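Asker: Sequence:
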Amino acid sequence: MRCKSRPAEDQPSMQSLISQVRNEIARALVIAIGEDARGVDPLVKPATDAKFGDYQCNVAMSLGKTLGRKPRDVAQAVVDGLGDSTLFEAPEIAGPGFINLRLRTERLSTSLEEVPSIADVESDRLGISLVTGEERRRVIVDYSSPNVAKEMHVGHLRSTVIGDVIARVIAFQGHEVIRQNHLGDWGTQFGMVILALWHLCMRKHQGESVEDFQGVTAKLTDPTLDAEARLSLLKQRARIHQDNLNRDPTGDVEFHPYLTALEPSFETLLPLYRYVSAIEKAAKGLSDEALLIHNSETGQSQHLSELSRYVAAMLQGKTDRSNEQERAAWFKAKEATLVVCSGIYRQLGVLLEDGDICGESFYQPLLHEIEVNGERLPGVVDEVKLILAPPGKEADGMRAVCREDQGAICVFLEKPDGTPCFKGPEGDALPMLIEKSDGASLYATTDIAGILYRVAHATENPVQLHIPRLREQLATLGGGLGADRVIYVVGAPQKLHFQMLFPTAHATGWTRKGDRSVQLEHVAFGSVLGEDRKMLKTRSGDSIKLKSLLDEAVDRARNLVGDMQKDPNRTTDLSPEEVENVANIVGIGAVKYADLCQNRNTDYVFSWDKMLAMQGNTAPYMLYAYARIRSIYRRGAESAPFDADVRNASLQLNEPAERDLALAVLRLPDTIDAVGEQLMPNYLCDYLYGLAGKFMVFYENCSVLKAPDAATYASRMRLCDLTARALRIGLSLLGIRTLEKM
RNA sequence: GCGCCCGUAGCUCAGUUGGAUAGAGCAACGGUUUCCUAAACCGUAGGUCGCAGGUUCGAAUCCUGCCGGGCGCGCCA
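Residue numbers (the numbering used here): 40 to 781.
Hint data in this document are derived by calculation from the structure and do not stem from the laboratory. Careful, some of the hints might be misleading.
Said to hold, decoys possible - In silico lysine to any residue, SDA-like type, Cα no more than 25 angstroms apart, as pairs: (1) Lys432 to Ser381; (2) Lys424 to Ala497; (3) Lys258 to Lys320; (4) Lys371 to Thr307; (5) Lys432 to Pro459; (6) Lys320 to Glu247; (7) Lys258 to Gly324; (8) Lys552 to Pro430; (9) Lys605 to Gln654; (10) Lys462 to Gln533; (11) Lys373 to Thr256; (12) Lys373 to Ala317; (13) Lys475 to Glu410; (14) Lys475 to Phe537; (15) Lys84 to Arg61; (16) Lys534 to Lys576; (17) Lys780 to Asn620; (18) Lys573 to Gly553; (19) Lys573 to Gln637; (20) Lys323 to Ile279; (21) Lys323 to Phe537; (22) Lys84 to Arg66; (23) Lys371 to Tyr482; (24) Lys475 to Lys552; (25) Lys586 to Ala676; (26) Lys84 to Val170.
Claimed, not checked - Simulated restraints, written as ranges between beta carbons of each label pair: (27) Arg572 to Gly463: 25 to 33 angstroms; (28) Asn638 to Asn412: 50 to 58 angstroms; (29) Arg143 to Arg674: 17 to 25 angstroms; (30) Thr149 to Asp684: 29 to 37 angstroms.
Predicted model only: the values in this text are computed from it and were never measured. Quick reminder that beta carbons are idealized off the backbone N, C-alpha and C, glycines included.
Hey, can you work out the whole structure from these sequences and the hints?
Answerer: Given below as C-alpha cells:
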C-alpha cells in the first residue's frame, strides 16, 4: 500500500554504504584540493584487512603524483577536509598514503534500525531503494536458447541459470527487464524436423518402427563402424528415402494429410530428428551417386547430407511450393518441444515462461523474402547494404563495410588504416556473412534483425529505415522494444561472432538512442567439464540431458537428507513431505549454486560431492545457515515472542561478531549493484558465503536465546532477522528458495 | 598461422578491474557438544601467483616475449 503522506526521499532505505563513503571523501577532496578535485574518483574500496578498518581510500597516492605533492600530505589534507564526520571514526593514515576508514558503530546500528520491519516476505527488499527516473533502463536479457526437437542438455544449464540471475538482479535494482528466450526454431532446424516428420509418416511402407530408426542412428554414430559398412548403410537408407519420395513426390497424397492430423509428441519426434541428424553427418563429404535423392516433381537432385537444408530453403519461400502444412506441422513440433522445456524451467525454478519465447523465426518478417514470381522482397540485409555501402561507417574504433564477396553479402570490419580486424586461417580478411551466396539467411542475419527489433522504438528510438518494406514489417512487430541495454548470455565459443556483430550493429546507427548508445553485451561463459576435465558427457559419449541431471541431483539430496535423519543427535525431524521439499530445494539449489559461484569466464568441473557438501561455498551450507536462523526464531517465539520489542529494538553491536555481521548485512546493496553492472553472479555468491560465515561466528559467540538481558536478546533477535532477510533476498536473486527447516 | 580465454597451495577455485603480510573449501594434523540444528565452529601447516623482462610509490592484476592447456577462425548455429 502506498503511503502518500511521506515523500519518496523520506522512505526508509538501505543506502549503498560505499557510495555514502565515496560522497564524504569527494566532499573532503574539494575542501582539501579545491574545485579541481570535483569529479575525481575517490578510489574508495572495502578494506583489504579488517585491521585497516572497514573501507580504505587510495586517492592520496594517485593524486599526490598528479599534484606533485607527497601522498601522505595529500592524505592528511583529505582527512582534515573530512572534519568531524558522523560517518567515520577518526581516520588513520597508513603506509604510503592509505586513508583507513572505520565506520561509526552507531551509524551501522541506525542504518539497520531504519530498515522497515518485514511486511510481505515475497516483496521484501530490506529497504533497498529502486532506481528511478533517468537511471531506470529497459534491459533485455537473452538466455537459455534451446533448440526445437532437441533435448536440453548441460550446455544449456549455464545460459539458463546465469541469465536468470542477471534478469532477477537487474529487475531487483528497479530496471525494466524483458526476458527473451531465443529459441532455435528456424533454418536447418526447420528442415530437419520436417524431414523427421516425413520419415515418421512414410516408415509404414518399410514396416519400420521408431526403434528401427534408433537402431540405424546407433550404428551410424558408432565410432567402431568402418567406412565401408557406413557407406553401405547410407546407400540403403538413401534407397528407402528415394522409394518413399517416388511414392508421394508432391507430398499431397500422404504427407500433407498426415501432417494436418498430426499431434507430435516429443518422445517420437526426438528419435527421428536424431536419425536425420546422424544420416546427414555421416553422409557429409561422401561423393557417391547412390547418395543423391532425385525429386521427379522439381527435377532436382539433392545429396543425402543436404536434404534438410534443401527442405528448409524450400519452406522458407525459396521455391514456389505451397508449404502451409509444413509450417503448421512445424508449429506443432515447436509446441511439443516447449512443453518439455517449460517442465525443465519449472523444475529448475527459473523465471522463463512461454511468453518469453522470442525465437529465430520471430524475426523472419524482417528478413528478405522471395515471392512466388521470383521477385525479391527486400529486408534487413538490404538496409545494412545501403547504410554500410563502401566506404562504410565507423563504430567502436573500426569501420564496417558491407559488400558482396564470393557471391555472399558480407560485412568487413577494418581498422582505421584499412587492415582487417579479423582474419581467417590464410591470413585473409574474415567478414561476417549476412547472406549466403544462394540468397539464404544465416545466424548473423537473424541477430542483426534481432538487434533492430530490440533497439528500435516508435517514439523512444525512431530508427530511420531506407527500405519501406522493412519499415512496414517492423511496424507489424510493434515497432520494436526500445531497449537501453541488451544482454546475450551465450557461451564463450561464440565470442568472435559477437565481436563482429556488435560493431556492425553500432555502425548502422540504430543503437544511438538519444544522447547515448544502447549497450550490447555478451555475457560469455565456459563449458561444464567432467571430472576428467573434458566436456561433460555420458559414458557412451552423448551429452548429458538436463532432465536426468536435475533428477539425479534431487535423488542425491534425498539420500543425504535421509542419512542425516538417521543421526540420533539431530534435534530436528522432518515429515516425509518436508524431506521431499528439502531434497528438491537442496538438490536443484546445489546444481545452480555450483554453476553460479564460479567465475563464469572459466570452464568448471562438475562434481556432485562438492556441490552437495555442507562445508564451503555451496547451496547446502547457505541453506543451513538460513535454517539455523529460522530455528532460533521459532524457539524464540515460544518463550520470548518476536513482538514489537524485537521489531523496534535498538541494535547493540558491542561484540565484534555482532558488528561484523551488521556490516555484512549492510553491504548487500553494493553487492547487488556490482552484479548488475559487471554481470558476475559469483560476486553475489561470494558475498552470501561471507555473510553466512559471519553469521556462523555470531552464532557460536553470541547466544540469542540465552542473551544476558532483554535488550541484548531483542537486539540479537533483530540482527538475526535482518541477516535471514539478507540471505533470503540474496538466494532468491540466485533463483534459490530457502528452507525453514532442514 | 592468427585471435580469444586460462595458468594462483597436493586437488577444486576466489581475488569487485593497480593497493598494504595473496584468500576459501577439500585432503593432512590438532581442538570444540550437559550450550539457539556438530550437515557446524576454531586452530596449525601448506605459495617464486607458468617463466623472463618492462611500466611505477606499489603488479596475481597493465605492456612485451616465450612455455603449457582450452576454444574459435565465410556461406552451421
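Asker: For every hint, state whether the structure bears it out.
Answerer: The hints, checked one at a time:
no. : hint                                 : result
1   : Lys432 to Ser381                     : violated, 42 angstroms
2   : Lys424 to Ala497                     : holds, 23 angstroms
3   : Lys258 to Lys320                     : holds, 13 angstroms
4   : Lys371 to Thr307                     : holds, 13 angstroms
5   : Lys432 to Pro459                     : holds, 14 angstroms
6   : Lys320 to Glu247                     : holds, 22 angstroms
7   : Lys258 to Gly324                     : holds, 19 angstroms
8   : Lys552 to Pro430                     : holds, 24 angstroms
9   : Lys605 to Gln654                     : holds, 20 angstroms
10  : Lys462 to Gln533                     : holds, 16 angstroms
11  : Lys373 to Thr256                     : holds, 22 angstroms
12  : Lys373 to Ala317                     : holds, 21 angstroms
13  : Lys475 to Glu410                     : holds, 18 angstroms
14  : Lys475 to Phe537                     : holds, 19 angstroms
15  : Lys84 to Arg61                       : holds, 9 angstroms
16  : Lys534 to Lys576                     : holds, 23 angstroms
17  : Lys780 to Asn620                     : holds, 10 angstroms
18  : Lys573 to Gly553                     : violated, 47 angstroms
19  : Lys573 to Gln637                     : holds, 17 angstroms
20  : Lys323 to Ile279                     : holds, 18 angstroms
21  : Lys323 to Phe537                     : violated, 28 angstroms
22  : Lys84 to Arg66                       : holds, 17 angstroms
23  : Lys371 to Tyr482                     : holds, 23 angstroms
24  : Lys475 to Lys552                     : violated, 31 angstroms
25  : Lys586 to Ala676                     : violated, 41 angstroms
26  : Lys84 to Val170                      : holds, 23 angstroms
27  : Arg572 to Gly463: 25 to 33 angstroms : holds, 30 angstroms
28  : Asn638 to Asn412: 50 to 58 angstroms : holds, 55 angstroms
29  : Arg143 to Arg674: 17 to 25 angstroms : violated, 33 angstroms
30  : Thr149 to Asp684: 29 to 37 angstroms : violated, 18 angstroms
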